[in-house]
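Novice: Chains as they are written, first to last, in our numbering: chain X, 1 to 191; chain P, 1001 to 1155.
Hints are computed from structural coordinates only; laboratory data are not their basis.
C-beta atoms are modelled at their ideal positions from N, C-alpha and C, and glycine is treated no differently.
A portion of the hints provided could be inaccurate.
[Stated by the list, open to error] Each pair of labels, with its calculated beta carbon distance range: (1) X/88 / P/1062: 22 to 28 angstroms; (2) P/1061 / X/71: 56 to 62 angstroms; (3) X/105 / P/1060: 18 to 24 angstroms; (4) X/21 / P/1002: 28 to 34 angstroms; (5) P/1077 / X/50: 56 to 62 angstroms; (6) X/21 / P/1054: 41 to 47 angstroms; (7) X/174 / P/1053: 49 to 55 angstroms.
These are the residues of each chain, in order.
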Amino acid sequence: MAAGIAVKPMTVETAEEIAAAEFARIVASHRPQILRFLLASLRDVDLAETLTQECFLKAHRNWKHFRGESSALTWLMRIAINLQKDYWRNRRIQFWRKTQTNAVDLDEASEWLPNGERNAEQQILAREQVAQVWRAVKSLSERQRTVFLLRYVEERELGEIAEATGLSEGTVKAHLSRALGRVRTEVRGTQ
Amino acid sequence: MNWREDLAGESRELGQALEHFKASMDAWSDAALRRPRTVTEMAARRNWRPATSWALGCLLAAGSAAGAVHQIVHRHEMAKQAAQRDAQKRAAAAREAASHLGAPAEKPASVAAAVKEEAGAQDENLLASVDKDVSREVPAAMEPLAQLMDGNGTE
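Turn these sequences into a full structure, and let the hints guide you.
Specialist: Here you go:
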C-alpha cells in the first residue's frame, strides 16, 4: 500500500483568496513602473494616476484570463499602452472642445532631478540635457515615443517591448533607431 | 540586452542625456507616488451633484406650477372684468333707451328689470321666427305629401 499523502482539495474560496493576494502583490510591486510610464507619456500627474488606477482595475477584471504567457509587468504595460492610446485618440476626436489639460510644459518637466552630489554647474548641465531629450520626445510619433520610453526609461528588453506594443521586434528596433536619431540630433544641435 | 550597451559607439553626451532623463523621470514619478491623494475631496464633491440637481429640479417644477396657477387666476380675473364691463354697457344702453322714451331716470333695479324684459322679448321673437322658418321649409322630395296634407287640412 502506497504511503498516503493527504492532499486537501482546494475550495473555490481558497483559490479566490490566493488570486486576490497574488494580485495585491502585483499591484504593490508594479504600480511605480506603470505610473512612471504613463507620466512620461502624458506629462500630467493627475491623468497618469487616473489611468494607472484604470489600468489596475482592468487588470483585476481580466486577472482570471491572464495565463502567464508573458510577465505580469508586460501584460500591465500592454493595458497601460492601450489606455494612453485611447486617451490620445479621444483628445484628437475632441479637438474642438476646450479640454482642460494639466500637462506640464517641457521646462517644468526638466526641473525634476534626483538630489545627487552635483555642484550647481553640473545641475544646470543635467537639466539642459533632460530638456533636450524632452524636446526630442515631444517631436516623436506616438508609437516611437512609447517604444523609446519603454526602452530608455522602463529599461525593458526588445522582446518585452514587442510583446507589450504588439509590434515585431524588427519594427521596435526601427522605431528605436529613429527615436534615438532625434535625441542625438537634439543633443548635438544644442551643444 | 541593456540599453547602455546599445550606445557603445555613441557619444558620451548622448549616454549622459539619456541617464539624466531616466533619473529625472524616476524623481518625478517618486514624488507623484508620495504626494497626498485627493480621493476624499472628489467623492465629497460628487455627493453634492445629485442634491443640487434635485433642488434645481424641484425649483423648476414649483416655478412651472406657480406659473400655471397664476395664468388660470389671471384668466378668471379677466373674464370677470369683461362680464362687468358688458353688464355696465347693457345698463347704459337701457338707460339711454329709457331717456329717449321720455321716461324719468329709473333706479338701477328697474333698469335691470327692463333690460331683462327686453332681452326676453328678443329671445321670444327669435324663437318664433326660427319656428316659422323651419315649419315652412319642406324638402323638395316631400313637397307632394305636404300639398296633400294642406289639401286634407283645408277640406
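Novice: Check each numbered hint from earlier against the structure, then list the numbers of those it violates in ascending order.
Specialist: The structure conflicts with hints 1 and 3, although it agrees with all the remaining ones.
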